[in-house]
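K.L.:
Let's have the full structure, built from the sequences with the hints guiding it.
Protein chains in written order, with this note's numbering: chain A, 1 to 452; chain B, 1 to 452; chain C, 1 to 452; chain D, 1 to 452.
It should be emphasised that the hints constitute simulated quantities derived from the structure, not laboratory data.
Small disclaimer: the values here were computed from a predicted structure and weren't measured.
Please note: incorrect hints may appear among the correct ones.
Where chains are identical, the list cannot tell them apart; a pair therefore holds if satisfied intra-copy or between any two copies.
[Said to hold, decoys possible] Straight-line C-alpha distance at most 25 Å; calculated DSS-like pairs for lysine-lysine:
(1) LYS193 to LYS165
(2) LYS193 to LYS427
(3) LYS382 to LYS343
(4) LYS165 to LYS230
(5) LYS344 to LYS382
(6) LYS101 to LYS193
(7) LYS218 to LYS301
(8) LYS165 to LYS218
(9) LYS399 to LYS343
(10) LYS153 to LYS343
4 protein chains.
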Amino acid sequence: MIFSRIESEGLAHYSYLIAHNGEAIVIDPRRDCDEYLSMAVGQGFRITNILETHRNEDYLVGSRELASLTGAEIHHADSQLDYRYGQPVKEGDSWHAGRLKISALHTPGHTPGHMSYVLHDPGGNPWAVFTGDALFAGDVGRTDLLGEDRARKNAEQLYDSIFSKILPLGDGVLVCPAHGSGSACGSSIAERKWTTVGLERRHNPKLQVKDRNEFVNKAGAKLEFPPYFKKMEEFNLNPPLMRTARPLPMSPGLFEAHAAESFVLDSRTELAFASAHVPGSLSIWREGIPGFAGWFVPYDKSLLLVSDGEYPEQEIRMLSRIGLDNISGFLSGGMLSWNMSGKKTGSVDTLSVTEMCSRLDRESGGNLLDVRSSGEIAHSGKIRNATHIHITQLPGRLKEVPEENLHIFCGSGLRSMAAASYLKKEKNLDSSVILGGTSAWDSATCPIELMK
Amino acid sequence: MIFSRIESEGLAHYSYLIAHNGEAIVIDPRRDCDEYLSMAVGQGFRITNILETHRNEDYLVGSRELASLTGAEIHHADSQLDYRYGQPVKEGDSWHAGRLKISALHTPGHTPGHMSYVLHDPGGNPWAVFTGDALFAGDVGRTDLLGEDRARKNAEQLYDSIFSKILPLGDGVLVCPAHGSGSACGSSIAERKWTTVGLERRHNPKLQVKDRNEFVNKAGAKLEFPPYFKKMEEFNLNPPLMRTARPLPMSPGLFEAHAAESFVLDSRTELAFASAHVPGSLSIWREGIPGFAGWFVPYDKSLLLVSDGEYPEQEIRMLSRIGLDNISGFLSGGMLSWNMSGKKTGSVDTLSVTEMCSRLDRESGGNLLDVRSSGEIAHSGKIRNATHIHITQLPGRLKEVPEENLHIFCGSGLRSMAAASYLKKEKNLDSSVILGGTSAWDSATCPIELMK
Amino acid sequence: MIFSRIESEGLAHYSYLIAHNGEAIVIDPRRDCDEYLSMAVGQGFRITNILETHRNEDYLVGSRELASLTGAEIHHADSQLDYRYGQPVKEGDSWHAGRLKISALHTPGHTPGHMSYVLHDPGGNPWAVFTGDALFAGDVGRTDLLGEDRARKNAEQLYDSIFSKILPLGDGVLVCPAHGSGSACGSSIAERKWTTVGLERRHNPKLQVKDRNEFVNKAGAKLEFPPYFKKMEEFNLNPPLMRTARPLPMSPGLFEAHAAESFVLDSRTELAFASAHVPGSLSIWREGIPGFAGWFVPYDKSLLLVSDGEYPEQEIRMLSRIGLDNISGFLSGGMLSWNMSGKKTGSVDTLSVTEMCSRLDRESGGNLLDVRSSGEIAHSGKIRNATHIHITQLPGRLKEVPEENLHIFCGSGLRSMAAASYLKKEKNLDSSVILGGTSAWDSATCPIELMK
Amino acid sequence: MIFSRIESEGLAHYSYLIAHNGEAIVIDPRRDCDEYLSMAVGQGFRITNILETHRNEDYLVGSRELASLTGAEIHHADSQLDYRYGQPVKEGDSWHAGRLKISALHTPGHTPGHMSYVLHDPGGNPWAVFTGDALFAGDVGRTDLLGEDRARKNAEQLYDSIFSKILPLGDGVLVCPAHGSGSACGSSIAERKWTTVGLERRHNPKLQVKDRNEFVNKAGAKLEFPPYFKKMEEFNLNPPLMRTARPLPMSPGLFEAHAAESFVLDSRTELAFASAHVPGSLSIWREGIPGFAGWFVPYDKSLLLVSDGEYPEQEIRMLSRIGLDNISGFLSGGMLSWNMSGKKTGSVDTLSVTEMCSRLDRESGGNLLDVRSSGEIAHSGKIRNATHIHITQLPGRLKEVPEENLHIFCGSGLRSMAAASYLKKEKNLDSSVILGGTSAWDSATCPIELMK
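P.N.:
So this is what it looks like as structure tokens:
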């Protein structure tokens, strides 16, 4: 038997593959399917069914891709929507992989047609439940995605789904959600890598309520709603297959010629970007792509990549997970070849916390921009007098950004560099990035107070 | 956070690696440590502590190997024994990996000093328990390994360990045992890949008892005690480091010259072995090596390997897990080179079930030897008039094997071929192997009854 | 600079990739292009031009495949033919990769429009010549492929191409042919892995002639002309892109159901095939596929594969090189699963040389079939009284095969098993295969004489 | 047959493996032997003999390492030296790999006991010659390594070796030297990847002489003699086996604690180093390690590595090739973790050529340091008024370096950053690095003249 969780970092997305006696079922597959396929061929089973827990909004689901490669059938939750592929699921439907049985449980709340799937072991006992975006380790699904007016009703439904359908499965049942810690789909998902109904019943803060009303009030936190979610929702009704064309290596001259009509994404470290980069490029470090590219990269332009000079295999994979596969080329030889051909470069000033402090002492009027999330601020502390705009909100709140003596920080320096490159690109605004961000704060003696 | 189970097939052995914030703890490592190391380096953590749940008897533990490669500290259960390395553990001892905490729980029964280890999540809640050979999915640990006189007392201790220490952790806690389905350490381990206290409390047949007495009676099944267990017990007090010398490729002439004083193991499929093999060699298919080689292969002779001609990387790894690393060479070019050099070969007759049936009709006096385990017979049915000797018992019960018109079967044909090669080697006895074994029985119309 | 030869085993085909300063030229690419691509991306160059030395007849050229993946331009020799893609080449045309220059040299003989390509090093000196099928190490190209009436004229042209165009380049120039030892495109290609004009001028037996006439007489050896050459010639004017659909793993039941209308190819070792195989299947060992499948496998049926149970990655790649990519499935779990499901199997008798000899003594009238090539017989000796039909001629000479007491041999046993499976499939003829073939003969004392 | 060249980048070192019928000979192996071993096991041959062309001075030879892993015999040239392992070779000695024969040819000049090895093909003809450091593509071996007084005599011997022994083998014979373009062992090795006696006779500038006297005068160019050559010469008489201990991942705190008594090497790109690095560390980009680390890194200190955060597998391999394997740890999590822990960092100013020019206009007294080799300057042009010190000579010529307004350039920026980090470390001297170096010069309009 195979019971495998496939993790997509950056998105903190989990899909699952369950196989027995030569047959397999995959739940919420991602778009790059090679890992499912290599398990199938390496261990001699056939993927027969694909189950979706809901119409996803934060990534492009791989159901159609996987079906095209394996002949598997696709089964949809949220079947009220206008899907162009697959079959609708209703509560009680079931599928087999060898002697394993999986059956559908309607668990609305995150979306109206959200399904969970209960897995029975070869002995027939309920054993695990795939809860999609209904229940996470330490958190519950968002109920705010359909708009404010629906949020309360959604939260009520979610309460019923969790308390009347999932928890009654029994404390010993494994809970297998669609996301782990770090996802944009839950503000406070816990770090438990595996969890159970019992652990959630006892330790999930959102479930420690006396009644539905308290739950609804607690669940109601409103989170960022990135514009690309709309794009993903649209894509997921009719997902395009992955492009097979490979981005071409481009010499500096060719790259520069194409750059004018393209969007240039630089996936190198924030430090390398700081020293020299192609003017007008956006910095997103490689692992940050699935989580942040969707907020800044347009879907209607071709993309050019700058990485460390090797073929940007990982970048292409990361971008494809959110449907960005219109990548026409990459800078062959990396920035070294760019520099050797004498092309112009941009740079971003970097400062340590200590340097920033002494500079702020000297230059009255220095401005701090904090691009961390509200959750991080609540957890790690607020800097006195800093302007706070979560990095994902920058596109809509550009006017609030101070234009002079701007120092940007986040938790590490990575997102700050993304923000700095975005501000340069959109507003031609120069800024400096605080290396190490708030993580470095405690180690420095600084007049600027971190208020925890 | 990393929470990873490393499975060693053939032994159905599970080890675990838990990492957080750059530190990792490994529980019951196997001897080939590359998988732990590649996780450590790929994900940037350091292995700081190694925990053993008990002195193992079915494989050679990798603690010393892993410690020599990483500088980690080793902590022993069963600390009454005379270990030549590592530190003793006592109940309540604890270790940290980042913000994860693991603490020791004395759970005797399988062995007197057996330890389980309780893992707390970053929030501090008990989250998982590593139960070693105390509690499996659907089964409990063997209590018969210290001899018959100790078995009852051991079973009583095991009852207390499970009912008073493990089950009270709560239904929601994950149970992470040292073995899965297929291990020689439990007769009826269930196929659930992951399990919980709650699932075991409700579905483990051995735990469905009214009191300790009933448990002791139920647990008392006596299983095979392979002679190499003694060797492993001895090794595990002072495990040798792995040999770094690589077996040499040998031409047919050189191989033949060495074969006289060596033990020749052939890991090809049973079908290829049937057509032609080096005379006097033992057939164990590759994946069967960790589970079966220990019963037949001597520890005091050098080994020669015959495989499909490529470097026998997997065979070497499999053999090393049970301490067989005195491998001097392998047949370069495989059997093709042997045949092309005109060397003598042996062969084994193979029959389908249908052929066997019609032959038994013709030849009165045909004899059937069934080498399956008692558990399989109970589960899949007994063949009328077959002699039953579990393959692992063959060395001690050679005299009971019928010497004429012998047809051997198991569940598939793989173990039958191992048995046939062993009988030829030890008793110069010719036999035929039934392809497909009992699995093929139902598809054939045969006068020989399979009594389920 | 990169100067790399890519070898396709089985076909003994060589393609070449030359790169300098970010640009590369590929000569006679094979159809599976991943190796070219991984060099390109790993080392940061772009493939800009693809050169063909002639319209190939023994494999499906990868030009169109590679062009579709890279945007490179294709340049054809034999441009009198009706190509559906690419550009024609004429003598003197030249291309650059960085500071390397390659220019075309018309070298007819093997085909009327055959081109060689001369490479100049960065200093501008002639450095290497890509001779396609004009000149090999120790041999020259075949001149018999266009029919007997053209053979003499072709040989005359080839003499001029070699003596007036290639040899004058100078002894120090590297000779880079399209084939190495083992190819069906030359009867006696030498084992020198790299060679030069000087080495060929002095040591190539076909060039040790006093005039053109002697050369023509020497070159005239007629070789086998396999029917699939016609298919390749047709394909190579308009090569289809590779199918991306992956063969599906099939359970024994499903495999059996499809087998009726498909062609079943078994790539396991000859020994495993001997013991048990799917009835009606053809045996070709894995490495033999590119060299032998074209002679027996039809292009108008879907293919099913039996291998050792893993995904038949290599088999698919090998088959694709000769345009056989209509592969619908493979037997999941290999023959073990077939046997365990109780399906019928075929088998082939195997004998050592010694056994055959003693059997021939007993059974008067035993018949020997020798499927080696004429070249091998000339080199290794002829067996008295054996019927000789080269394996590739079997389809057209079935009537000559003796029908009783048939013993088949080749040089090793591999091709014998292919022949035995073919005879069983086509004529329902049972035979036995001599393990080790003539290679084993010397080691045995046998009344049957090997006449060297 | 296998005829394979194994290239070690950075050192531009070539070793060769020749195999036939299951036996192989390796010539001048490098220290990391996995590539030889994986060929041996993948293709089923045994390495039986190791031949050295001379006592090497630019890398640590892998003979003893490879012998310890395979049981092969080692054969030394320069056998007048006091080797602690292996057998001496004298002219005419020969070895076989299958039907291939290799025989020794005494070719003194680079060293007194230098041997070349002539390979005969399976037909017995001379086919290739392994010329070690006697003859390269486009260059000849250095004759200055034994001191000025020996240089003339060495050059005379080398003339005789080449003209009386190597060239007479015939124009068609392949020449297989120990180094390619980029090596410190030849000032002007050509880019021809493969070469022949004929190509060298006609195109090698050093061989275009009318007599021995002219050759001696031409050959006499004196090159840099790096101090680590002495270390290599000593090591190569008694090479230590590679350490198996793996460097430990270190947290920023631990790394900082060890840094005080260690040497810190940073292998990231020059751009990332510029923004932030561990104070006191030396910058050598990864591929530059084998060629440059030997000049700056001490052999008597333990090494700490900073790379991009992953396990520094390549760095360790590169360092081992020149005997630097005393590596105690690497910075876990890379500079990101260093910055997040608030540790101090250093930085280096970077400038484009255009920026430098305009700055030099403004700041009278700016100083330029050119760290390119004399060969590069001759080839690409000299910058007016720049101080020229080849990077490898910096340790001995520190006093000549201008101390104010220092701008450093090389051909790309990589070596400049190494120089800048070295000057900071040794003299606490701040400088700026010109990105793109002279390669970028042509693209800029600059008052500073590049005089070609």
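K.L.:
Quick check: which numbered hints come out false for this structure?
P.N.:
Violated hints: 2, 4, 7, 9 and 10; rest satisfied.
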